[in-house]
Amino acid sequence: MMRGVWLPLLALAALAIAPLAGFSASYEMTLMARAMILAMAAVSLSFLVGGAGLVSLGHAASVGVGAYAVAILDANGFTDAAQVLPVAIGAAAIFALLTGAIAIRTSGVHFIMITLAFGQMAFFTASSLSAYGGDDGYTLYSRTEVAGARLLENRLAFHYICLGLLAASWAVASMLLASRFGRVLRAARENAQRAEAVGFTPYPYRLVGYGIAGAMAGVAGVLLVNATEFVSPAMLSWQRSGELLFMVILGGVGRLWGAILGALVFVGLETWLAELTPHWKMIFGPLLVVSVIALRGGLAGLVAPRHG
Amino acid sequence: MTTQLLLVQALNGLQLGILLFLVAAGLTLVFGVMDFINLAHGVQYMLGAYLGASLAAATGSFWWGLVLALPAALLAGLLLEVLVFRHLYARDHLAQVLATFGVILFLNEGVKLVWGAAPLQVPIPALLQGGVEIMPGLQYPIYRIAVLVAGVATACGLWWLVERTRAGMLVRAGASNAPMVSALGVDIGRLFTLVFAFGAMLAGFAGVLAGPIFSVEPGMGDNVLILAFVVIVIGGIGSIRGAFIAALLVGLIDTLGKSLMPDLMRLFLDASAARQTGAALASMLVYIAMAAILAFRPAGLFPVRA
Amino acid sequence: MVGIGRRGLLGGTTALLAAPAILHAQPAGGVKIGVVAVQTGPQAALGNQLKEGFALGLRHLDGKLGGLTAETVLIDDELKPDVAVTKVRAALERDKVDFVVGVVFSNILQAIIRPVTESGTILISTNAGPSTFAGRGCNPNFFTTSYNNDQVHSVMGQAAQDAGYKRVFVMVPNYQAGRDAVAGFKSKFQGEVVDEVFVPLTQLDFSAELAKIAAARPDAIFTFMPGGLGVNLVRQYRQAGLATIPFLSTFTVDEATLPAQGDAALGFYSAASWAPNMDNPQNVKFVNDYVAAHNAVPATYAAQAYDAAMLLDSAIRRVNGNLAGKDALRAAIQAADFRSVRGPFKFGVNHYPVQDFWLLKVGRRADGKLETQTERKIFADAVDPYAAECRMR
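Residue numbers (the working numbering), protein chains in the order written: chain A, 422 to 729; chain B, 13 to 318; chain C, 1040 to 1432.
Read the hints as simulated data drawn from the structure, not as lab findings. Take these hints with a grain of salt, some might be off.
What the hints assert, rightly or not - Here chain C is said to cover these stretches of chain A; the calculated rule only asks that three of the stretch's residues, wherever they fall, bring their Cβ under 8 Å from a Cβ of chain C:
1. 444 to 450
2. 498 to 508
To be verified - A partial selection of chain C residues facing chain B, derived with a Cβ cut-off under 10 Å:
3. G1080
4. L1097
5. D1101
6. E1235
7. V1236
8. F1237
9. D1244
10. E1248
11. N1271
12. T1296
13. G1306
Think of the CB as a built atom: it goes at the ideal place given N, C-alpha and C, for glycine as much as any other residue.
Starting from the given sequences, assemble the full structure and let the hints guide the process.
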């Protein structure tokens, strides 16, 4: 489990040093923040996919619910983290629990499709919120404040908050998976019947796992809306859910830190290729194909191949 | 809402359903027989539309365009199968999703590079121009009737092929138990290639037919793909019959939902709120229906595998 | 694949994130323009018009703006607001662009306006003109060479009113711009709106709505269906035999969509402050050269971007190439001392144009191509409805 773990640790360390090592222009900070936030969302999805075997194609909706909670509170004058965070996390968790309660009854491709369906419902709901800009989206009046201080406006502070929360969500997800709760989840993924035979009903465990992942995605949503000071339904689109899934797969399913690598490489590649040519997708597409065919087990499998 | 308008809307719903079926049929075959999630099915539909449009423009005839586009779509499908998909059959669904998404990115951009980003024009063939008045002031285009007929004919042909021929028997057997078929000495690799190429041609056929009605533009396959997935999941993966019924169901739900929802909401809300909420609900209706059906029948309406 | 090895992969990860940091040298005595134009997805057709319009403007100015050698940096917003913010910040800080020009869609403008204007850079929108920044949200560093979106829809409302239509059927996509279109239309149209239909942005088939229209038998329909939506609607409307009902539209039949709509769009109405057939020397030169270069008629996206190039040229000339004095530069842009392809042009207090608006009708050019043609002037020297709320600071 721990083989190759030096790589994501190194990546986090690089992100920690980066602002001090000259990468402190705001676009670089924006880019890194975006990568870290998406990595956080990807970790929570990886917890679901790799841990519980629940492949969700509606994970961006949980991110979006968290983001929209911030926007709606902002419009009504609530900007303090003490109010914003619990509400956003709660909203994302409740959304996940409600939709999960139905979705987890299905499995495999049907689970993918039903989560897609809920994601689409959230997307259309966000598009019809005309008080919050509808399809055009909503620009925040101010970033979330921490105990009255406009801490998040400070780029450096925001950078380290993102980094800290990314590390924290990785740690929390790892601990959860290593716990008794996580063992049941993984056992149910490998063989649901056997888990039931030894006396566990997977359903409540999966549902709780789904809720936790939703809450973690909600935190990512709070950060994302603060990073861009803007939220729009595009954040909830199924393409976004797809991108998150690709980060997880690219990094390697079955290792949480694979998601971090996947997200960093995804954002990096996307940015770098887009600089080269407007037709960067002609390169990015085949690159995805080749990486899937050549890299079994994703990037994580490259540095720490699994043997039986 | 008069009965007449309701009937016209039902006809419109069937029309949309038939078009969806043409796309979904290939998808459900490939998915059912090979257990292969092909997100690139939507771009194959787009490719069909582009090939049809440019071949029609080059030959000056819609019919030549159609006739030439079908083998071209088939070839494109075979090429993709050999280059990419063949290497993915043994992999899990996630790997297939990621790789076929890569194909989507490539082809959407490629089409833009070759044909430009602006939508293409595909004229209706002279033979099928004009319309039939189905209610005062409303013509039902003959072309659409032709598409309906073509769709129903394709559905019947597919049913015959799958239920009554030896190849169909193998396909059905492959859908329910591929290792068994292979053990019985059937070249499963060739069967897969065949089914795949056929699925690609069906998608291309749907694309050519859609050309004169919808706008032919990059990314046109993406929305259709999602709806087609909804169709095959509701219908039960691998089932042609399920896909047909689910496609009509989705077409009807979507069309009738759009025309009835705003009026329905007016029972609860004032006019302007009813219109907007009704419209928002109508666009969700297909997904709500899918979630509801899956909640009660987790394997769809006509599950193939026991 | 193993050959890439651990070091290669690690180096790759950090290098990828650091790659955008390569510094671009700025030419001495030059001016750098960031052009925000969507290049991704079907909407790229509009982004291309914008990009090519601006490029043609530069070509007519021998590659110089107000005497300074101009260099453009193309920014593809991908129609994703957060991507747009990241890329625009990179253009501002790494490429050190002096101006940001372009933007097709309001949601992208909404996302980038703060990062651009707060950095002290002047942003010139060549298409998106949301009401948010026309009224109380007006911004000293923000100008637009297009219009306030609501104005265009209200032109159609006035035209319907002038034509004496009593019952009009309204159909728009179910998103903010669609709802704004309805509001704009209704601000001038006094008659009865028989029904308002909101369709999803991903709508493919309009037959359900067309049946509703036929059943309602209105005097005219008003619609706003940009891009591929409009292509589908126009063709299906014609195929359904509804073309006897006048088709009043905004952003639905224009030169970007006409090639795909073909003859189905002939005789349909649109509204704008510019049309390719306007007879003034600068417009004739612009349209002829654009057609010669691209074998396609330019749409408003190109025309307004072309105007932006001319506007920047005039402003930079007025300040003698001194881009540092922002107050003088703003005043020079506000003066709008250039010849617009639409004829008379000046800025209002909110930095939105004060201009004439026309009813347009789709017709055929001498070379057989389709274009929108001026039918009738609806408003002269129109000021947008939000300008009065603007207190420019």
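Hints, one by one, checked against the model:
| no. | hint | verdict |
| --- | --- | --- |
| 1 | 444 to 450 | holds (count 5) |
| 2 | 498 to 508 | violated (count 0) |
| 3 | G1080 | holds (5 Å) |
| 4 | L1097 | violated (22 Å) |
| 5 | D1101 | violated (28 Å) |
| 6 | E1235 | holds (5 Å) |
| 7 | V1236 | holds (7 Å) |
| 8 | F1237 | holds (4 Å) |
| 9 | D1244 | holds (5 Å) |
| 10 | E1248 | holds (7 Å) |
| 11 | N1271 | holds (5 Å) |
| 12 | T1296 | holds (7 Å) |
| 13 | G1306 | violated (17 Å) |
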